[in-house]
Amino acid sequence: MTTAERSPVTGILTPVQLDYTYAASAEESRFLRGLAEGKILGQRCPRCEKVYVPPRGACPVDGVPTRDEVELPDRGIVTTFCIVNVPFLGQRIKPPYVSAYILLEGADIPFLHLVLGCEASEVRMGMRVEAVWKPRDEWTTSMENIDHFRPTGEPDAAYESFAAHL
Amino acid sequence: MRDVAVVGFAQRQMKEFEGSPTMVELLVPIIGELYEQTGWTKADIDFWCSGSSDYLAGRSFSFVSAVDAIGTLPPVNESHVEMDAAWALYEAWVKIQTGEVDTALVYGFGKSSAGQLRRTLALQLDPYVLTPLWPDTVSIAAMQARLGLEQDLWDEKTLAEVVARSRAAAGDNPYAVLSGDVSVADLLAEPLFCDPLRRHDCAPVSDGAAAIVLAAGDRARSVADRPAWITGFQHRTDAQALGVRDLTRSPSAAAAGEAAGVEGVDTAEVYAPFSHQEPILRRELGLDESVTVNPSGGPLCGNPMFSAGLVRIGEAATRVMAGTSDKALGHATSGPALQQNLVCVVEGRN
Chain A
1 MTTAERSPVT GILTPVQLDY TYAASAEESR FLRGLAEGKI LGQRCPRCEK
51 VYVPPRGACP VDGVPTRDEV ELPDRGIVTT FCIVNVPFLG QRIKPPYVSA
101 YILLEGADIP FLHLVLGCEA SEVRMGMRVE AVWKPRDEWT TSMENIDHFR
151 PTGEPDAAYE SFAAHL
Chain B
1 MRDVAVVGFA QRQMKEFEGS PTMVELLVPI IGELYEQTGW TKADIDFWCS
51 GSSDYLAGRS FSFVSAVDAI GTLPPVNESH VEMDAAWALY EAWVKIQTGE
101 VDTALVYGFG KSSAGQLRRT LALQLDPYVL TPLWPDTVSI AAMQARLGLE
151 QDLWDEKTLA EVVARSRAAA GDNPYAVLSG DVSVADLLAE PLFCDPLRRH
201 DCAPVSDGAA AIVLAAGDRA RSVADRPAWI TGFQHRTDAQ ALGVRDLTRS
251 PSAAAAGEAA GVEGVDTAEV YAPFSHQEPI LRRELGLDES VTVNPSGGPL
301 CGNPMFSAGL VRIGEAATRV MAGTSDKALG HATSGPALQQ NLVCVVEGRN
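Line order of the protein sequences matches chains A and B. Residue 123 in the numbering used here is what sits at position 123 of the first sequence, and the numbering runs on without skipping anything. Residue 285 in the numbering used here is what sits at position 285 of the second sequence, and the numbering runs on without skipping anything.
This list has only true hints and no planted wrong ones.
Think about it this way: if two alpha-carbon atoms lie no more than 25 angstroms apart in a straight line, the pair counts; the simulated SDA-like pairs of lysine to any residue are:
no., chain 1, residue 1, chain 2, residue 2
1, B, K157, B, T292
2, B, K15, A, Y22
3, B, K42, A, R67
4, B, K15, A, S25
5, A, K50, B, L73
6, A, K50, A, D62
7, A, K39, B, G19
8, B, K42, A, D68
9, B, K42, A, I109
10, B, K95, B, D225
11, B, K42, A, C48
12, A, K50, B, V28
13, A, K50, B, K42
Calculated directly from the structure, the hints in this document are not laboratory data. Computed from a prediction, not measured in an experiment: that's the story for all the values here.
Start from the sequences and build out the full structure, keeping to the hints where you can.
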């Protein structure tokens with residue numbers, strides 16, 4: 001046997017490509033259509049009265065559909081965050097920048113978004129932020145209509161006020 | 001062994017589910033229906049187990065999102081299998097056998113229409129020598145059908161008869177995706193789809209979800225007049241490599257059936273997603289002409305992936321609970337060309 005025949009095969013390449021058509025749920029659809037009009041729509045659980053944004057098919061606490069729609073303001077607080085220092089493929093902002101959990105006023109669940117408009121090192125838990133929307137003519141049925149959140153400069157929220165949402 | 005019975009069953013099937021691939025919107029009313037059937041609440045369910053596939057949903061941890069449908073405060077005892085929910089039912093049955101729990105709710109869901117099912121299922125094959133060739137499910141089934149045709153194990157007319165009988169039976173099944181009277185001659189006049197299979201020989205790609213409630217002993221007797229007692233529950237598997245198998249046989253189906261004690265069943269719901277697989281299963285499970293096979297219409301009339309096996313057991317148990325059957329089997333399959341098989345035997349006691 002030649003050396004090539006004796007050497008082990010250490011890897012093979014098997015490309016996998018599958019295409020999916022994602023259908024948004026009825027709740028997600030209302031949320032996305034709301035964004036196209038500059039509105040942030042959540043839903044309230046009829047049992048525990050928690051407000052979910054984006055809304056979901058069932059309250060994960062009670063397992064019942066959340067049907068009551070609630071329009072939420074585009075301002076809230078940073079509950080927790082991370083500073084992205086690592087470059088990766090497709091990155092659109094130069095590190096360091098901040099990904100944060102934003103808890104809108106009146107919502108009971110935070111969602112992930114960007115916090116820009118200040119040094120990454122200045123971002124902190126409890127910091128009050130507001131949405132910076134893209135120009136209206138760029139709005140689509142997308143979360144990206146909100147370009148990022150920026151600090152409002154108001155005094156921070158007390159830890160106890162958001163401790164339950166961490 | 002503890003006496004364990006099926007005491008509730010609910011399902012939804014459709015050609016295309018319009019909602020999200022986590023199918024929470026479909027699971028909420030199904031679970032609600034089971035609460036109505038049993039008179040129970042979430043607090044009465046000791047254990048939850050589900051079957052689904054991220055490959056079908058096209059997103060990771062889709063089963064975690066589906067748990068929203070249960071509601072998890074206070075926390076629930078929960079598990080999941082990346083298999084048809086028939087195997088989730090098996091896990092729940094074992095869990096009850098351990099004595100740790102007395103009741104369980106098992107659910108399965110799948111939105112095949114989100115992707116291309118026959119390609120997605122190619123990923124269950126050997127990843128080194130088979131998957132790179134992308135032999136899809138229908139092509140593998142066609143090879144299996146061809147082998148049987150050439151050995152005179154079945155002919156085209158037999159296959160068309162399976163389809164015609166299934167479609168007619170599905171007339172009574174409100175969840176069937178396909179149903180109605182079709183003649184064997186008309187079916188045989190249809191063009192070939194994947195030679196030698198015609199389109200109607202293949203289960204329709206469809207979506208759906210289903211759930212079953214299991215309960216032990218007195219818990220079962222307290223909610224059902226005639227619980228469907230599980231007297232045998234077994235699963236077996238054959239080699240994964242297609243080349244080492246005789247594709248006209250399914251030894252694992254025979255072994256599971258024998259171990260589960262299928263003798264004397266009057267009704268059988270078998271998971272044969274291709275028409276020629278019904279004669280294979282009849283032979284392996286020893287089902288003669290006296291046995292009513294797929295009174296629901298079976299998977300040829302609706303094949304909601306990852307719940308269709310559970311549906312077979314649910315359909316069998318429903319007939320026992322209704323008193324139209326005394327002993328029935330539900331069969332589930334997984335893997336390529338009937339590679340892995342599960343048999344659940346249920347009996348009524350007066």
